[in-house]
Amino acid sequence: MSILVNKYSRVVVQGITGSEGQFHSKQMIEYGTNIVAGVTPGKGGKKTLDNQIPVYNMVIEAVENEKADTSIIFVPPPFAADAIIEAVLAGIKVIVCITEGVPVKDMTKAKQIVKKHNARLIGPNCPGIITVDECKLGIMPGFICKKGNIGVISKSGTLTYEAIDQLVNVDLGQTTAIGIGGDPIIGTTMKDCLALFEDDKETEGVVIIGEIGGQMEIEAAKWAKENMTKPIVGFIAGQTAPPGRRMGHAGAIVSGGDDTADAKMRILEECGITVAKSVADIGQLMKNLMEKK
Amino acid sequence: MKIHEYQGKMILKEYDIETPESMPAFSVEESILAFKKLNTSPVVVKAQIHAGGRGKGGGVKLAKTPEELKKLTEEILGMTLITHQTGPEGKEVQRLLIEAGVDIDQEFYAAITLDRNKEVDVFMVSTEGGVEIEKVAKEMPEKIIKVWIDPLLGMRRFQASQLAYGLKLEGQAFKEATQIFLKMYKCYTSTDASLLEVNPLVKTNDDHIIALDAKFNFDGNALFRQNEIVKMRDLSEEDPYEVEASKFNLNYIKLDGNVGCMVNGAGLAMATMDIIKLAGGEPANFLDVGGSANADTVKNGFRIILADKNVKAILINIFGGIVRCDRVANGVVQAVTELGLKVPVVVRLEGTNADEAQMILKKSGVSIIPATGMKDAAKKVVNAALNLESL
Chain A
1 MSILVNKYSR VVVQGITGSE GQFHSKQMIE YGTNIVAGVT PGKGGKKTLD
51 NQIPVYNMVI EAVENEKADT SIIFVPPPFA ADAIIEAVLA GIKVIVCITE
101 GVPVKDMTKA KQIVKKHNAR LIGPNCPGII TVDECKLGIM PGFICKKGNI
151 GVISKSGTLT YEAIDQLVNV DLGQTTAIGI GGDPIIGTTM KDCLALFEDD
201 KETEGVVIIG EIGGQMEIEA AKWAKENMTK PIVGFIAGQT APPGRRMGHA
251 GAIVSGGDDT ADAKMRILEE CGITVAKSVA DIGQLMKNLM EKK
Chain B
294 MKIHEYQGKM ILKEYDIETP ESMPAFSVEE SILAFKKLNT SPVVVKAQIH
344 AGGRGKGGGV KLAKTPEELK KLTEEILGMT LITHQTGPEG KEVQRLLIEA
394 GVDIDQEFYA AITLDRNKEV DVFMVSTEGG VEIEKVAKEM PEKIIKVWID
444 PLLGMRRFQA SQLAYGLKLE GQAFKEATQI FLKMYKCYTS TDASLLEVNP
494 LVKTNDDHII ALDAKFNFDG NALFRQNEIV KMRDLSEEDP YEVEASKFNL
544 NYIKLDGNVG CMVNGAGLAM ATMDIIKLAG GEPANFLDVG GSANADTVKN
594 GFRIILADKN VKAILINIFG GIVRCDRVAN GVVQAVTELG LKVPVVVRLE
644 GTNADEAQMI LKKSGVSIIP ATGMKDAAKK VVNAALNLES L
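If you're matching them up, the sequences are chains A and B in order.
Using my numbering, the first residue of the first sequence is number 1, and each one after it goes up by one.
Using my numbering, the first residue of the second sequence is number 294, and each one after it goes up by one.
Think of the hints as simulated: they come from the structure by calculation, not from any bench.
Careful: at least some of the hints might be erroneous.
[Said to hold, decoys possible] Below, a list of computed lysine-lysine pairs in the DSSO-like style, where the Cα atoms sit at most 27 Å apart:
hint, chain 1, residue 1, chain 2, residue 2
1, B, Lys306, B, Lys508
2, A, Lys222, B, Lys411
3, B, Lys508, A, Lys116
4, A, Lys277, B, Lys306
5, A, Lys147, A, Lys293
6, B, Lys508, A, Lys109
7, A, Lys146, B, Lys668
8, B, Lys411, A, Lys191
9, B, Lys411, A, Lys225
10, B, Lys439, A, Lys191
11, B, Lys672, A, Lys287
12, B, Lys668, A, Lys109
13, B, Lys330, B, Lys364
14, A, Lys287, B, Lys668
15, B, Lys592, B, Lys540
16, A, Lys109, B, Lys439
17, B, Lys570, A, Lys277
18, A, Lys93, B, Lys672
19, A, Lys111, B, Lys411
20, B, Lys540, A, Lys109
21, A, Lys116, B, Lys479
22, B, Lys479, A, Lys111
23, A, Lys111, B, Lys476
24, B, Lys306, B, Lys295
25, B, Lys672, A, Lys277
26, A, Lys109, B, Lys476
27, B, Lys439, A, Lys111
28, A, Lys115, B, Lys439
29, B, Lys439, B, Lys428
30, B, Lys479, A, Lys115
31, B, Lys411, A, Lys115
32, A, Lys292, B, Lys668
33, A, Lys222, B, Lys431
34, A, Lys109, B, Lys479
35, B, Lys431, A, Lys147
36, A, Lys287, B, Lys570
37, A, Lys111, A, Lys147
38, A, Lys222, B, Lys656
39, A, Lys67, A, Lys43
40, A, Lys116, B, Lys411
Generate coordinates for the entire structure from the input sequences, incorporating the hints supplied.
Structure (structure tokens):
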């Protein structure tokens, strides 16, 4: 068991012939991801990646001919929202958008379409999802993961890797790790992911990594307090971030009130989440919780 | 990206939203010329800086005669304006807006921005105009009227009316306000603004609705399709180090501490700053070298960090995913050799090709301090900074 993707996922790569698409598709196939098709408008009819993967002009063709049910998007920012909407309308149910720099107004529209059609979007501006030893739908280094029972949810890419590495160092493997992205509008929230992990029989504990800006961590913590039976370790990046400054991620900006690191850490704790004050303690805290069980 | 008030008003005019007659002025001569052209008295002299709170800081004054205007212009142009948003160092005023005075009956607040929780734009108005809206939101939240706009439908006429009813407007003023709200939404979406705030929006004594201020923020991700907006960028309003860093695709923010850091990824970069603080140090900057860190980016990163004379030690923290640690290591060796670093450098490399990277650093003979894990790295860099400080 795992969440969102597994070895049966039939993946179409949107933007497969671009340099990013090529590089990461190769890496994903090496990891074992079942890539069944690629899409690049104007390049339909060709084959790519050692002549193994058919390329189509449109996502709908990949769905009809290759039974694609999952998509990963590597198209440039001006066209990314369009790619998301195309995938949704073609009937794809799990979509990961890696693209960084998608205009917010494009995303508010795409998000409405995703909601209306009950699709699941991860990202944009995210490292993707990995279900360990089954399917890598993203750009994270697969070799750092180890199969196990911890779920990981994070707004940040490299901080996800840091958490995974710490878990492995204390001999805790992962079921699925999800980078949900750091933009103001994202497809799947922290709360959504917690609910998925709560329902996953194999997952025994969850690490959530948030940052300054927005209310997502608070929403997730309040939900967890009422609904979650599995232990959670939480970390919030940006304790030293000055207010009013965008810290890299478009969404990482303290605008006053409950969106500072301190406020979020306090609310997480109030909701029963074990909060790591130092990023270096994430692994050990989860280890302690697992031993208590 | 932000722009000045006078530029914001130019945009509003393009969308047929009425603002007072006004002219920008960069000198005393232009200021006096504006007075003649406006042909009214009094006029308002408004300092043009990106930060808010200009009135309280002494950057907005009334002038009745050309003599008064000349004196005020000389005073305000070139002054360092300190407001609650500029920080204690203030901001030098280089541009003015000379504006015709308006007979105000009522002041309102009107703004559009993204509601991150609802994931759609929200249009807010209030009868409590001209004051800090944060204060109103805290003390009298019922005084803020909101409508949420479905991005697929756009703003509907009834929603604009709802806002105008909320302000208890009638007759001509009601009609004009409804029109202005619809135009504001059109302007907000067409320019890819992330904030459009008019505070105050006023009703004049003769029942007209006029935008007395215009504050815009723009979505940085959308600037590729907003050429006219990009032209309005005023680099003198931005931190020179940050502008320099952006030329190399580095995301840099200067802070007040003495421990510099260079990290890949925004989240890890923030976490690195935090752990430096927990180890007893003060971070000197946020620096995300992004997903394409190589020898060149590392070198430029060093240059930018070291331009800050407070920096007493540097921590490089890279978790290689797409970024290959061996490339970063080569960059560190090259930079240290070329720049002849005067401060200690602690290096923590993990992930893709980390072992090769350690070998490269070892073989090179450059004096860097290797670290394992973030706790170790933070401790070492803070100690290094303290040692140098005590010399």
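Okay, which hints does this one fail, numbers in order?
Numbers 3, 4, 12, 18, 20, 35, 37, 38 - these are the hints that the structure violates, sorted from lowest upward.
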